[in-house]
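Respectively, the protein sequence lines represent chains V and B.
Add 842 to a position in the first sequence, counting from 1, and you land on the number used in the working numbering.
Add 49 to a position in the second sequence, counting from 1, and you land on the number used in the working numbering.
No lab work stands behind these hints: they were computed from the structure.
Treat the hints loosely; a few may be bogus.
Said to hold, decoys possible - To give a feel for the contact side, a few chain B residues facing chain V, derived at Cβ under 8 angstroms:
| id | residue |
| --- | --- |
| 1 | A118 |
| 2 | F119 |
| 3 | D121 |
| 4 | Y171 |
| 5 | D195 |
Heads up, the beta-carbon is just placed ideally off N, CA and C, and yes, glycines get one too.
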Amino acid sequence: MKDLSKVNNPYGDDKVIDACSIFGMMDTAGRRFPGKDIVRAIANMHIRGNGLGGGFAVYGLYPQYADQYAFHIMYLSREGKSEVEAFIKQRFRLLHAEEVPTQPTPAIVNPPLVWRYFLEVEPQQCDGQSQDNYVVDRVMEVNTKIEDAFVFSSGKDMAVFKGVGYPEEIAEYFRLEQYEGYLWTAHGRFPTNTPGWWGGAHPFNILDWTVVHNGEISSYGINRRYLEQFGYHCAMHTDTEVIAYAIDLLMRRHSLPIEIVAKILAPSFWSAIERRPPAEQELLRTLRQVYGSLLLNGPFTIIIAHHGEMIGFTDRIRLRPLTVGVKGPVLYLSSEESAIRLVCPDLDRAWIPTGGEPIVGSLERPLVPQEVEVAGGGNIRC
Amino acid sequence: MTKKANRAVKIDASGLLYRELNARLREVVSNGTQRIELRNVCGQRYIGTDLGRPVEIEIFGTPGNDLGAFMDGPRITVRGNAQDGCGNTMNNGEIIVHGHAGDISGLSARGGKIFVREDVGYRAGIHMKEYQDRRPALVIGGTAQDFLGEYMAGGILILLGLNLKEGEHHKANYIGTGMHGGIIYLRGSVEAFQLGKEVGVAELEEKDHQTLQGFVGEFAAHFGYDAQAILKHRFTKLFPLWIRPYGRLYAY
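Okay, chain V solo, but in the shape it has when bound (with noise of 0.2 angstroms):
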């Protein structure tokens, strides 16, 4: 049985007008750091959402468990752990489990049981299949076949870390000061079409993908349609779990690169591609061909990320805002400019992205430390 007070609006302000808040901070050096700053820097846009749900997602989390799949569970009943651990020890080797720690938080209500599990697959069991095929499928069968468990975080060395409340209340809750990583992304939810539920809160997962979106995805029907083709079945009631499959259907099975992907989910407009080169032309119009179902509509800001990289883009037009700060190898992305100056007040730049054009930063292509160019410096010139 479903509760409902878990996925209903406790607080009746349904027409309170807002938006999301999403943030994202990234040491391109890969120096592990405290998520105390981007607590801060999401808290700043409390108002943005209504306390219907915020998370965190964190990279290179597990030093002590790098190499297994740490898949992070939520439980609505005692049935729905029995059952989901049954299936794990049927299904993987189970190196270690735990409860995930939290502390009593005044607002957090009714929370699920959440735990984690660090996991590997022998090769017996993926028969064939990539490990990482293997464990997709595996999260799919959790999520639409056991009743009562989500597997909501399934990557190495990465975790995700939601539920409903403010997300500074989510990171109290679960402790999350006791954490480092060197990239870690936010986001503080204003539901707009969805129920507020625990497996509803951003960011959304799977394997080492995650994604904290403001928007709505109008194309979410289609999107959904097409990725079970692959294998992809939607469990969370959220327009935000298709770009999380999508992501990873598109850069890991696919082995797009993100300037491609950006041109999928955001692609050019068909004016502007007549415009382009012949070459270019031809590349994009197949890929709104190939991938047309994957373009996303709707008004959205999403901050992608996975080991080594935070990716940060807007839809075609703009519809939702996104500024991006640099200083020395880290890299901000964040809904408000200021969030990023509470936590860096002396950023060597900052600026606002053109709509598509994806900001990346990569560990593999570390950002160098500049000549301090200001934004603000007065350097423009006539």
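Given chain V's structure and the hints, the job is docking chain B onto it.
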């Protein structure tokens, strides 16, 4: 005017919620204060709204969205960047941004002036309007992103492109889409496809030059530029082709 009223009242905005900060502003303005200095502003919204008097507000930090929303009289100087919705539905007063401004700068403004030293985001000047002697102006020193002057219904929008290199076009597309009032002056070039379908292009007339003299002069004074050096470049005027571009769209 008393001596006390002339002194700047300093407010440390650290940790203040937007409601607390704006309540504090109302309080000090009601006491007759003429100058206010806000320090450590970090994302508080609606600063300058609801004051209804020509006070001077100097902001250090990054003010939040809808800076000067519905503002009627104050003059705000931002020592930094402004976020989205700066000057939302402003009626009178001035906003001077020593940095860049986010999306929808000057949206629905119906009076007053906004000067931004650097770039603005998407949809600057969207649905600015004018009425009788009220005529808002938005002057942008850098360049703009797409949909500049979208659905513009009145007012003056000036894009100076001071950060463009010689021969570089503005990048904004869909300039003046749905425009049906007001006027846009562009310094620096655009290609025909960058303009919305509702926009006409014209050479400047004498009264346009006078208008530009005034606003560019003010811009240059705010930010320490040479107005004549800016004005000697070529400007283009964009104007709405129709007052009601969609007047017959839904008429059967």
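**Request:** Please flag the earlier hints that this structure goes against, numbers listed from lowest up.
**Result:** 1, 2 and 3
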